[in-house]
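All chains, please: the whole structure from these sequences, using the hints.
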Amino acid sequence: MSALRWGRGAAGLGWALWPAGRPGLLAEEGTLGGLWGCRRSSSASPCEQDRRRDWGHAELLEVLEARVRQLQADNVSEMRAKLLDVARIPEADGSQSPRKVEAGNEGAALGLTSRWAQKLHKEKLVMQKRRQKLEENLQKQARKHQLRVEPQLLNRQLAGWLQRWERSTPRSPWEEQLAQLLQEAPKRLSREEQHDQANRLSRMRYEAQQQRLLAFLECCVLADQLPLAHHVLVMHHSKSRQQRALTLPMYNTLLLGWARKGSFKELVYVFFMMKDAGLAPDLLSYAAALQCMGRLDQDASTIQRCLKQMAQDGLQLQELFTSLPLCKEDKAVLLRAVRKAEPTFLPLQPPLPSFEVNTSPLLKEIYSTDHPASFPKQHLPLETLKDLFQQQLSVEMATIVTVDSVEKAPSLTEEVLQARKTLQELRTRWEAELCLALQQTKAREAQAAREGRPSLFPYLCLLSEGELTQLMLQTLQVLSQQGESLLSLAQELGMRIFNRHVVQRKQLNDEVQALQERYFKYLHLLASDTQVVMSRLPRQHWEALGTTEASQDQPWPLTVVVQLGKQLAEVLVQTVKMPSNLAQLQDTQKLIPVLYHVYSFQSFRQIGILKPHPAFIQLLETAAERTMTFESAEVPMLCPPLPWTSPHSGAFLLSPTKLMRSLEGTIQHQRLLEGCPPSELHGALDALTQLGNCAWRVNGRVLDLVLTIFNAKGCPRLGVPSPASEAPRPSKHRLPANASPERKTELRRELARCLKVAREMHSLRTDALYRLSLAQHLRHRVFWLPHNMDFRGRTYPCPPHFNHLGSDLARALLEFAQGRPLGPHGLNWLKIHLVNLTGLKKRESLQSRLAFADEIMDDILDSADQPMTGRKWWMEADEPWQALACCMEIAQAVRAPNPAAYVSHFPVHQDGSCNGLQHYAALGRDSVGAASVNLVPSDVPQDVYSSVAAQVEVFRRQDAERGVQVAKVLEGFISRKVVKQTVMTVVYGVTRYGGRLQIEKRLRELSDFPQEFVWQASHYLVRQVFNSLQEMFSSTRAIQRWLTESARLIARSGLAVEWVTPLGIPIVQPYHHDSKVSISGGIQSLTFCSSGDTNQKPNTLKQKNGFPPNFIHSLDSSHMMLTALHCYRKGLTFVSVHDCFWTHAADVAIMNQVCREQFVRLHSQPILHDLSRFLVERYCSGPRSTNAQVAKLQEMLLSVPKTGTFDLDQVKHSTYFFS
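Take any residue in the sequence shown, count from 1 to its spot, add 213: that is its number in my numbering.
These are computed hints drawn from the structure, not numbers from a lab. Do not rely on the hints blindly, as some may be mistaken.
[Unchecked claim] Below 30 Å or equal to it, Euclidean Cα-Cα: the simulated DSS-like pairs (lysine-lysine) are: (1) 1415 - 1315; (2) 655 - 621; (3) 824 - 655; (4) 478 - 553; (5) 1085 - 621; (6) 599 - 1343; (7) 346 - 335; (8) 1343 - 577; (9) 544 - 335; (10) 1415 - 1425; (11) 926 - 945; (12) 1310 - 1289; (13) 824 - 945; (14) 452 - 346; (15) 1415 - 1193; (16) 590 - 577; (17) 1415 - 577; (18) 553 - 474; (19) 544 - 521; (20) 1343 - 871; (21) 957 - 1214; (22) 1425 - 1315; (23) 634 - 824; (24) 969 - 824; (25) 577 - 474; (26) 1055 - 1193; (27) 1214 - 969; (28) 1315 - 871; (29) 452 - 478.
[To be verified] Label pairs and their calculated CB-CB ranges: (30) 1210 - 874: 21 to 31 Å; (31) 1254 - 1370: 23 to 33 Å; (32) 1394 - 1366: 20 to 30 Å; (33) 510 - 1387: 53 to 63 Å; (34) 921 - 631: 28 to 38 Å.
In this text, all values refer to a predicted model and were calculated from it rather than measured experimentally. Ideal Cβ placement from N, Cα and C applies to all residues, glycine included.
Right under this line is the structure:
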């Protein structure tokens, strides 16, 4: 190739390199092809394309230089060869000599090559400049993707200071910079506190963003992604608008993280940013600085300067060890640093919470040390309880419990075995594919975090890909055939990740060993074979063992929980696939998604649903696997729960549990509890601990009978749901082509009805399956049910599927694990309890009920001996399964050699008589109302529902005499059953509209009532029921109106209603206008509403309608807790279902006495006046007191309804108050 072939300059080099006829071939080969081919890869970024082109030019120049050198050498040789040939020709016609010809041609050749060399040299210089520029751009791009450490400060003076110091030679130590930063820190409140005082509303706009960013930073620290957290904080700090959302806890999170790593330079950078943001360091900031100095073994003078500055800021050195939630290791390093500067320093031990005594007059006897208490013990010895603790600890560390299903096992046919094998192969494949998909998801989220966005990356790093995969496959396994909304599925997945992370972190922080040592000491109080020096309540004994080092687990923001769960659900949808033909598991076969996303309407709202493919459902049904998986917190405990000692600590050993249950994302209740003095919560904490310490066991005989019916297609009449195969089927007849529109509409309605019934049956069947499977799993075990409470103070067992708060069937399956001899009266109470369960003698005296039980003893014994083949008397009871269990207990007792010595495990119930009205009557000292609800002693129980029905009948007769038509139509139809539900719910805030619907439903159940009058009659009756209640409970209605109007005025002032129960529990109503939260992207954009957002205005309607019933609920919970604590002090076993109290048959009389006494003591307090005083102080004091609207509110709050003349002491002698 000659040199002229290259003579087109830089612009023509590409054309010279293309082979003829195939201009695009080199586009796939090597560097040159990638640069000069007619097609370029569209996946490369513009920056990448420029980089490739420039590096290609440089490489091409090197090739050209080498080629020119080669041509120069070849050209000279060729010329010399030609000249030699010419020299052999004789000279003629005056031709030049050979030497001259050689010299001339050689000069021309050298001139040509030197011009090319100059041109190439010039091109080389240009390319060197371009290469240098390209390298600078590449470095800039690399810096973009690198995690930033140095902050970009907005304060020019501070930025100049940092820049000059970093460039100074030699540079002063980092310690000098920290000392100067602390010395010149702003002597004012943090911005967050300033805004809270100056402009609270403007700060609230950032609250959601702040919560999410703080959670992201904390999660990064926990996931060992501290550089990433620092990078995101620097990115936010460098932008003025984003910096305004940063708070002091965010900077402190980074300070503590760097302090634990001993990274002083990064710690100083964070202090620079704090100063730039105008935030003053607090106690935690100084703790981080000192901790870092302790890890780096700094000299004493540096530490002394830090301590001196801390003192100048008004912070006490002792508070570092008493006021901060630092772990044991952090405190040790901190103490080492402090002692280097002050060798004689000794940290004070934090005061034991048990020394703080609750001063409530209602709890004076409970915490009194003047009279010895006989607190009950567990019935198990110490070593057994220790072994049970180890078993429960293993369960919670595994985080899941696998339980065998009680459904009838299928025959192991070839088809079943093949289905199980196929399912296992699919799961193995899915695990690998999900792990790969999670890695890709984490890579995308990591890139988003590098760009400065608080992404999901650190949350995905908390658990391994294998653990996340198992969680996702468990979710797939339990998904119902009807599917589940994407929102609820996402929230459930997100919360499961959080709970599992909390458990793992406690294991990594060595909290498990400390917990075990402390729990074993605690068991000396509970074990049957040990004694303690001083008998205390469980909480007091636990606190006396020392302060806990357990960390407080702050829940993630709801948006993070939902977004995290949504991300995993989408990975599940996109990754998990199965062959369209399961008979041939081949790689080449078409794959179909196992989950598919559809939309459905619920209450006029369109929601996204994830449904399993019918082929997958069929595979599961064919495989018929007999195991179910539960979260460890969904199953009863195998050892006594931890005593509740604070809003953060109690119940399960490791699994996080809320003291006050609420909707996810609602934090106002937790804030109130944390701001409450610890001693004020002692009554509630001790009552919840006492309820949880009751040991249970399964009633095996009842369980066997239920399982027999359950696997024999159920019996809805007895509360045993039927399987889906028994659901009604729509007509299979095809409609003729000429069917009328009415017939088509009728068929659609029938189909919709069948689908609705099928869904309801599936839900009930699944609920029963969970309950019965757990009962079978715990059949030969002793177990405990930890408790917590709702925002009104009402208590609930934490395990949701198997507890005593359920239906008749659920209650019949449980009995006390610890028995007690019946004694002289226990058998009588068993008989009375049985008659109560039948519902036959509600208005009879206790003596009449006892006599009736003796009359039907043959039926009782027949039911116990032949429940399924005898006369089946028990099946006619209102509560058949509990009645059957009671029959069996009575049969064993009467057949015992000495019934009084028979050890009974059966719980006997005592129910309040319309308990809400009882509290209203006591509040208003209403004599007429009190007599109607058994607050007054009487020979037979009063039935308020019958009394109201009788009063309504009086009004009806009067109207009928005046010629009112509907009153005449209702003659003979006004009964206790028609009015009961409305009377029962009026006390809990039911409106006339709701009451009318309740009465309408009852009237439609009467076959002989003229249905054309239902609407008119229901309107008439609800009005008369309200009038009757007004006549009988005048004080009750006055109190309701006062509570309602007070709540309305409070809500209109822009605040939610708060109060404190007589036991000191702070209450706030979580009713606000919904705030919409949107999470966009993915297979569906999620929008959900949160009514617990305190930034939103209160919902006035819900606030005013909810206050009366919620206030009464807080009173009945206070009464129950007082009864529980006093029964516990007397050595009784006590549990409750709201206003239904349970104990052993031998102790019913004592429990009734305690119950009546505590009701009187509760209502002897000035409850309404205390409420008025609290509300005035809360809503009518301060700068707002001059407002006209506030003045009106104050006037209403001070107008407490007047009370009647009822004497509360009469309750102490009322046999049927609770019966």
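Taking the hints in turn, this is what the structure says about them:
Of the pairs offered as hints, the one joining residue 1415 and residue 1315 holds, with about 26 Å between alpha carbons and a cut-off of 30 Å not exceeded. Only pairs whose Cα atoms come within 30 Å are accepted, and residue 655 paired with residue 621 is rejected, the gap being roughly 43 Å. The suggested pairing of residue 824 with residue 655 holds, with an alpha-carbon distance near 26 Å, which does not exceed 30 Å. With a CA separation close to 21 Å, the supplied pair residue 478 and residue 553 stays within the 30 Å bound.
In summary, the hint linking residue 1085 to residue 621 is supported, as the alpha carbons are separated by about 25 Å, within the 30 Å threshold. Taking the CA atoms of residue 599 and residue 1343, the gap is about 26 Å. The hint holds against a cut of 30 Å. For the proposed pair residue 346 and residue 335, the alpha carbon gap of about 17 Å is at most 30 Å, so the pair holds. The straight-line distance between the Cα atoms of residue 1343 and residue 577 is roughly 15 Å, inside the 30 Å bound, and the hint therefore holds.
Taking the CA atoms of residue 544 and residue 335, the gap is about 68 Å. The hint is violated against a cut of 30 Å. Between residue 1415 and residue 1425 the CA atoms are separated by roughly 24 Å; this keeps the pair inside 30 Å, and the hint holds. Of the pairs offered as hints, the one joining residue 926 and residue 945 holds, with about 23 Å between alpha carbons and a cut-off of 30 Å not exceeded. Using a Cα cut-off of 30 Å, the hinted pair residue 1310 and residue 1289 holds, with the two alpha carbons roughly 13 Å apart.
For the proposed pair residue 824 and residue 945, the alpha carbon gap of about 25 Å is at most 30 Å, so the pair holds. Of the pairs offered as hints, the one joining residue 452 and residue 346 holds, with about 28 Å between alpha carbons and a cut-off of 30 Å not exceeded. Among the hinted pairs, residue 1415 with residue 1193 is consistent with the structure: their alpha-carbon atoms are about 28 Å apart, no more than 30 Å. Our distance criterion of 30 Å between C-alpha atoms is met by residue 590 and residue 577, whose separation comes to about 23 Å.
In summary, the hint linking residue 1415 to residue 577 is supported, as the alpha carbons are separated by about 29 Å, within the 30 Å threshold. Straight-line distance between C-alpha atoms of residue 553 and residue 474 comes to about 20 Å, which keeps the hinted pair within the 30 Å bound. Proximity of residue 544 to residue 521 is assessed by CA-CA distance (about 20 Å); at most 30 Å being required, the pair is judged to hold. Between residue 1343 and residue 871 the CA atoms are separated by roughly 29 Å; this keeps the pair inside 30 Å, and the hint holds.
The suggested pairing of residue 957 with residue 1214 holds, with an alpha-carbon distance near 28 Å, which does not exceed 30 Å. Taking the CA atoms of residue 1425 and residue 1315, the gap is near 36 Å; set against the 30 Å cutoff, the hint is violated. A threshold of 30 Å between alpha carbons decides the hint, and for residue 634 with residue 824 the separation of about 23 Å falls inside it, so the pair holds. Between the alpha carbons of residue 969 and residue 824 the distance comes to roughly 17 Å, so the proposed pair stays at or under 30 Å and holds.
Between the alpha carbons of residue 577 and residue 474 the distance comes to roughly 50 Å, so the proposed pair goes past 30 Å and is violated. Between residue 1055 and residue 1193 the alpha-carbon distance is near 14 Å, which keeps this suggested pair within the 30 Å criterion. The hinted pair formed by residue 1214 and residue 969 meets the criterion: a straight-line CA distance of about 20 Å does not exceed 30 Å. Only pairs whose Cα atoms come within 30 Å are accepted, and residue 1315 paired with residue 871 is accepted, the gap being roughly 24 Å.
For the hint linking residue 452 to residue 478, the alpha-carbon distance of about 22 Å falls within 30 Å, and the restraint holds. At about 29 Å, the beta-carbon gap between residue 1210 and residue 874 stays in the expected band of 21 to 31 Å. Between residue 1254 and residue 1370, the C-beta spacing of about 31 Å keeps the proposed range 23 to 33 Å intact. A hinted range of 20 to 30 Å is violated for the C-beta pair residue 1394 and residue 1366, which are about 42 Å apart.
Separation of residue 510 from residue 1387 is about 54 Å and conforms to the stated range, judged on CB atoms against 53 to 63 Å. At roughly 31 Å, the beta carbons of residue 921 and residue 631 sit within the given window of 28 to 38 Å.
Hint compliance for this structure: hints 2, 9, 22, 25, 32 are broken, all remaining hints hold.
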